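Protein chains: 2
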Amino acid sequence: MAKVLTARDENYSQWYNDLVIKADMAENSAVRGCMVIKPYGYSIWEKMQAALDQMFKDTGHVNAYFPLFIPKSFFSKEADHVEGFAKECAVVTHYRLRTSEKGGIEVDPDAKLEEELIVRPTSETIIWNTYRNWIQSYRDLPILVNQWANVVRWEMRTRLFLRTAEFLWQEGHTAHATAQEAMAEARQMLEVYATFAQEWMAMPVIKGSKTPTERFAGALDTFSIEALMQDGKALQAGTSHFLGQNFAKAFDVRFTNKQGVMEHVWASSWGVSTRLMGALVMTHSDDDGLVLPPRLAPFQVVIVPIYKNDEQMEQSRAYASELRARLAKAGFRVKLDDRDTHKPGWKFAQYELQGVPIRLAAGPRDIEAQTVELARRDTREKQSLPIEKLEAVVAEMLEAIQKNLFDKALARTQANTTRVDSYQEFKELLDSKGGFFLAHWDGTAETEKRIKDETKATIRCIPFDAPDEPGQCMVTGQPSPRRVLIARAY
Amino acid sequence: MAKVLTARDENYSQWYNDLVIKADMAENSAVRGCMVIKPYGYSIWEKMQAALDQMFKDTGHVNAYFPLFIPKSFFSKEADHVEGFAKECAVVTHYRLRTSEKGGIEVDPDAKLEEELIVRPTSETIIWNTYRNWIQSYRDLPILVNQWANVVRWEMRTRLFLRTAEFLWQEGHTAHATAQEAMAEARQMLEVYATFAQEWMAMPVIKGSKTPTERFAGALDTFSIEALMQDGKALQAGTSHFLGQNFAKAFDVRFTNKQGVMEHVWASSWGVSTRLMGALVMTHSDDDGLVLPPRLAPFQVVIVPIYKNDEQMEQSRAYASELRARLAKAGFRVKLDDRDTHKPGWKFAQYELQGVPIRLAAGPRDIEAQTVELARRDTREKQSLPIEKLEAVVAEMLEAIQKNLFDKALARTQANTTRVDSYQEFKELLDSKGGFFLAHWDGTAETEKRIKDETKATIRCIPFDAPDEPGQCMVTGQPSPRRVLIARAY
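Heads up: the protein sequence lines correspond to chains A and B, in order.
FYI, the numbering for the first sequence is -12 to 477, going by the numbering used here.
FYI, the numbering for the second sequence is -12 to 477, going by the numbering used here.
One chain only, chain A, in its complex shape (with noise of 0.2 Å):
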């Protein structure tokens, strides 16, 4: 059968837009940057939001909603914010359409508002604006919110899920009295993040702090996890953010403290979007398609009948419906495609392409032995199985791809971060090899530009768990306090 994909060796970003659009997750829209999301890439998004919302929640954080428009002075109140932050922005200028005296429509010309709102890019100002007056004394305090909401930012290169110009994701905001409590809070949601990026997508992360010319504009200190693509790419998978008192004081939050004392509120926020969707992509999947996790796959089984003639169409229906109904009464997401439009070579062409898990297959002699055909997605494997045994098999068969699954990757992640001390040998392995690289930096914003500048490879961050290990920065030779994750990223 031809391949219906470009490989990956030939060229990784070909592969990665053929496979979005072939495998049905998304596709682009008649607006510039703008994605549609097919539903079986949206069904993905919804388990991944799932998962991410239970953790949330039993991490004591609520869901509330605030507009999609912010009136534009408010960009002007934290000056960091509206220095750092990109300024490519969705502006809404009026309110209303009129008939054309050419037929058609346009833009009514007395309909222009007096202040221009722009689409959120982050809702930072619209919901420290709401804060103000949800915050009188301690008693008010914590403020755990998150947000599930879209988000539009006016990128000029787009690719699907990975940049686009609207988005969907998630954004806590948090309020706390101290500052030990907000930065615990940061500190916290990134762990939730590595959780949920280790345990559902299978996908192993480094957490660290960015360096300040990295961090989020107006934030005092940025943390995100950093994933390694099969390109030897980085991509930030998520952030959060420590934003001491800086949108309080701009938008006058302050509070009375138990002392009776006024002090302005603590902040952090914290987001991921469905910029993990391509990051799933990019980790698991192969030259015949996605690669799926079994704990965010739309379906964990397909079953496809096997027959030659009606007779048998009939019996192996029945005998696959059976197993389906088997299946989803003990609780997994199953399949049943019995469509007799396509032929099974097509099928199973389709679920390969999709990254179903477990793929079953029941013929007239699988009907007869009692068994059914079992394939599976990761490793190609396929057995024959008795069907009295069917309920255990799939669900050990899932938690074994689950595992293996993270465990390949986190063996290429491991196999492609290289310790390096000399910036020639760093620029040849970089352009050779690619991956995460652990260099000592000297700790200036100069030499990190330089780094960025010269070899399009960024500080991704300063890892928690890099151990102290004096040493020179690869650059200038200067001294350096520990090693620091470098690579060239989405």
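Everything labelled a hint here was simulated from the structure, so no lab data went into it.
Treat the hints with care, since some could be wrong.
Note that identical chains are pooled: a pair holds if it fits in a single copy or bridges any two copies.
Subject to a maximum C-alpha distance of 27 Å in a straight line, what follows is the list of computed DSSO-like cross-link-like pairs (lysine-lysine) [to be verified]:
no. : residue 1 : residue 2
1   : K414      : K436
2   : K443      : K334
3   : K99       : K295
4   : K330      : K395
5   : K390      : K245
6   : K316      : K34
7   : K44       : K34
8   : K220      : K395
9   : K34       : K220
10  : K99       : K89
11  : K322      : K245
12  : K390      : K34
13  : K443      : K369
14  : K59       : K89
15  : K64       : K376
16  : K376      : K390
Source: prediction; values computed, not measured.
Based on these hints, arrange chain B on the given structure of chain A.
This is chain B only, laid out in the frame that chain A set:
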């Protein structure tokens, strides 16, 4: 204790606003017409979403996501749609801000879009433009897609939940091979809405067809569920539309049928929104606050420990905490409020205001007797309950409350539904009593308009279950085959 709410019979509209804000459901934001949905309100919406989403999935639907923005030209493509649909929309004209020389930021005049983008007021156009590429053959049909999203309609007079510039909703958009299937889908989804309204919201509804004048712009038939609020005004709580081939023709969406002939696709769309939150408030609540049906209440049970000194505090908290654990284990949504910063009386009033269905309170005498004081929000009945029966009594009482709320609302709706044959009598009763009216109408748009102009009442729907009952139009005396439902409406 001073009443925190305006009484309903003093000023219903003020009572509603007070309640929504003071019960912490929602508030107005800094952006004209856009609301903030606060955590308590959002938690109710989440439960509505979860129940509806499950019902959509049980009827074969899947979720997807389409762009927030719609190119202006798309609105001109379906003639009825552009004519009939309100043109109060948020229009994006620019895509970049820049730092102003005067300080602050301003819109960059060089970043003007070639074609303006409209923030979606509804997504028929962008979705049908997308479906064109998804549909070639009858094998690709039906498409049963739903989207959870925010939409914007630039309303001039807004009210929290009932009419806001931005609101949250779901919009289903389905594509079918035949008119019959599309019509059956539209009818099915109205049934889903009615079931949800009655079984979850405990809100009785009348199902029916809209008159041609009141149809959705671009629809051949619109169905709605109509509920009667406490002040005698109707509220349209959900709609579904049979769109015929209008959008398929406008966006050239065709398929090859089983006979190999090209045809345009048939469509339905259907939606409910955060407006349901307003309907929920105005169906059950009273002068002391919200009354929530247990199936949608963020907390079904709240527990308040009672004590007079530190020793009692410790004992009462421990006792209450044990009750909380038991109820949580039994699967109830339960909250323990053991804060020492607020008195029991304050807590009682607060949870009455927030409509928690069952309140438990326990102090030293309860511990002694191994009892708990149980108060139900809807009837205000109190009882002392031996704690050994706790789970069973709570389960039974939650069901009783759910049923009682529905029964009360149904009795109120029935008591306020008047069969009327004289236009004069109709006008008098409309002013004195309000409510639903079942009257004969001659079927013309002229008479419909006259009723609306003269009384501000509108034909809400032609009920599905209206029996054939020939009569004479109450306005013109012309023949009418059956009665229609008329009311003033939100």
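Q) Checking against the hints above, which ones are violated? A) Numbers 2, 3, 4, 5, 13 and 15, in rising order.
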